[in-house]
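With chain H held as given, fit chain W onto it using these hints.
Residue numbers (my numbering), protein chains in the order written: chain H, 1 to 550; chain W, 1001 to 1376.
Hints listed in this document are in silico derivations from the structure and should not be mistaken for laboratory results.
Since the structure is predicted, the reported quantities are computational estimates derived from the model, not experimental observations.
Glycine is no exception: its CB is placed at the ideal position from the N, C-alpha and C atoms.
Any given hint could turn out to be false.
Chain W side only, calculated, beta carbon under 10 angstroms to chain H, not exhaustive [said to hold, decoys possible]:
1) Lys-1054
2) Asn-1118
3) Ala-1119
4) Asp-1122
5) Ile-1164
6) Pro-1181
7) Ala-1184
8) Ala-1196
9) Gly-1203
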Amino acid sequence: MIQFERLSYRYPGNQEPVLRDLSFQIEEGEFLLVMGPSGAGKSTLLRSLNGLVPHFYGGTISGRVRVADRDPVAIGPKGMADTVGLVFQDPEAQFVVDKVEDEVAFAMENLGLDPVVMRKRVEEVLDQLGIAHLRHRSVNQLSGGERQRVAIAAALTLQPRVLVLDEPTSQLDPQAAEEVLDALVKLNQDLGLTIVLSEHRLERVVQYVDRILYLPGNGQPPILDEPRTVLGQIDLVPPLVRLAKALDWHPLPLTIKEGRQFVRSVRGCETLLSGSPLPGLARSGLAVIQVHELGFSYNGRPALQNVCLKVRQGEFVALMGRNGSGKTTLLKQMVGLLKPDRGLVRLLDPDSRRSLDTRQATVDEIIRFVGYVPQNPNMLLFNDTVRQELDFTRRAHGLPPGRYEPLLRSLGLTAYLDHYPRDLSVGERQRVALASILAAEPCILLLDEPTRGLDYHQKRALADFLQGQKAGGHTIIMATHDVELVAECADRVVLLADGQVVVDGPARQVMSESLVFASQINKLFRRRELLTVDDVLRSPPVVEGACNGS
Amino acid sequence: MHPKAWVMWLLAAVVPAFTVRNPLYLILVLGAAWVVYLTLGRTTVGASWGSFVKVGLFFLAVSLVFNMISTHVGQHVLFRLPAAWPIVGGAITLEAAVAGLVNGLALLTILIVFATFNAGVDHYQLLRSIPAFLFQVGVVLSIAVTFVPHMVWSAQEIRQVQRIRGHRFRGVRDLLPLVLPLLANSLERAVQLAEAMEARGFGSVADSVPRRRVLGLQIGLVGALLAVLGGLSILSFFSGDGWWGWAMVVGGAIGALMILGAWGRLSRRTNYRRVPWTWRDTAVVATSAGALAAVVLAQLARVEALTYNPFSPHGLWPAFDARLGMALLGLALPALRGLTGPQGEEPSTGPAVGSGFGHWPSPPDGGGSGTTEDIA
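Looking at chain H on its own, in the form it has when it is part of the complex (with noise of 0.2 angstroms):
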């Protein structure tokens, strides 16, 4: 179904190429997972698949292409719209027709169909991926997992040979992005339909898979085979195939309940038991946000109501929730950019032990010791080099410009000082943004889904940089959807749904009596002391060797 050979192409104005002497087939009817680092030329990859990649983007590209025995380099991607179809990351940003059921039938339009069949094709493709009854709705009306069904409806109408999606789940929170995952099961599964995804979050979509296309980025040669023989190979991997690397499960599980079959099997270990107690919430300390009865609405439209939240110093919390539940809203209270309707919020300096209140307080008292993190990093990066972004903030917060080796070097972004952020990855920008704020030295940081977009070793780097910073006494208040992350370093897990907290408790407690929001190892021992791979190689059986699977 698709071939590449010696494919290589160059982004204009680079010196590397991004994909370089490319050559692998992929048969008809296969999921396929492009996998690999951020910069690894994922995108480019799929990009090149109906001819956006090089028509849309120029450079130049040697070698050969074929997707349904055409040619996308030759065509073009208006030629091609009819063989692959496209999802993009952002729902947002690929809709053109405000209503559902244009916007699915705007290709078959494009390309002159028949208004006959285009009634049959739209009716059977709102069936498939079951949004018939959102057919009258306005696209901004969705939440996240809707759209991308729309979206890949409208990618269907003109019965591409392949489907391809680029990272469609990033932006979703996790149940949205199960809605997103099963229909393209189930395409894949009923219809035979040719899939090619690609996906940072493994633990998401690896048990779907046929086989996983691995980029290694760097001009090394790729990996194309079977889940369980690529994670063998490669350390990019979910916690349950790491833990199961590290104890030597054979086959390695890719499903929970594969793994379960070897805590069953493996004697010892269904007594795993951590060796630190349950740690409780901090009941000393300083209050350094309190959240009093806060109710607030945007518009009308209630955002928040009677939140209470009482934050200690160097407490380490994940506000968790679906998308809309009010978790930015509440992030945005706490620095006071937005003012409470009801109730109030209160600060407390730790340094001069100052109090203040955000109805009252200015911007300018509360950032010399809250430092708040946007969700796109590309919203505060605008100087010419990583230097300069850390200066702009020392000086609007009348601060000389500092040293910032230590800050860059935690960061992992040393060799970027003098560098242009917006050429840098997303996890690079995501960093500079996040070093960006710290650069004020706020002891309250606020982080707005710090981990779009970013591979798993960037996810270990930022929570081993966010304990860090717990450690040297910095209170981390961080709302995302990512549940391996809260597992590695919140404390404390604060579920909002509708607005409203719904659960406060400790990470574990919370992780562990939650279906959505509990980690994989959580799920595979269904123990609340064990949340991480750490957890379970940290725990006395393990460490006596009783374990091992061998």
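Just chain W, lined up with the frame of chain H:
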């Protein structure tokens, strides 16, 4: 209702709102538009409707106050401001207030008519019914319009995060941290959308069209437009016998339209759903055309009731011609039940966001019966 019927209705409602200054007729048009809006039953566009009304009422108030304090003519004096005050000083009269009110009312009427049209017509459907050669331009325009609110939102967000970073926006030079990310982000978004449209075959031309044909059309279009331009300059420079100037303008314009038409036929677009033209549409078009004709005829005949002047020697009470009033009342026809068609009956299922918590998502329902050979 068919978008073309809506356009006819808009035309018939807007012309009197622009040309007639008699408050009774204006109120008739306004009332008709308002009633039509109420029967649309759409809740989704409520926000934009509200802002239309607010802006209209604001202008009404401004016009009223401005007229009262700047026009000091009239017999019914309400009160007096000290004559020493420049401009505002003098008699404040009822006539001035009424005149201001009528001006504001005309503006409010125009806004309400557009707001109703905006709420009632299906924008994309409207886009589909414009000529093919304008379609791409139309899509680009409609995207540009949707880009604006997103840019406003984006600018607010960026402003907030830069402020939180300690930056103060005081002068023009302080805007750089706002403008640069805004431009970069908008560009990125535009590129993403362009990619998505390209990947779905936007702007596809039928395979059989030879490049030379397209080139020929382009040259022809340039030639026709040059002819129009030449004709216009001839007309403006040689004021004498300019019949050949006119000939060039008219000929060039006809040529350009024909070429654009031919161009439009090259694109392979089809329309997903033609809105059927029903007797209701005919009825709306007929009454709208009637109202329009009545207004135009009245204008041509210089009927006195069209204008209104509260100052003496005229009376404060406007004249009223019942025949014209009846014709304008026809503008309320789309409000009759059932005339607005299926767009009024949107399913009111609430958005799924935040509706549940802590449960596994239910699998997408339906669709098991999708025919295999159609996709594979």
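Violations among the numbered hints, reported as their numbers in ascending order: As far as the earlier hints go, 1, 2, 3 are violated by this structure, in ascending order.
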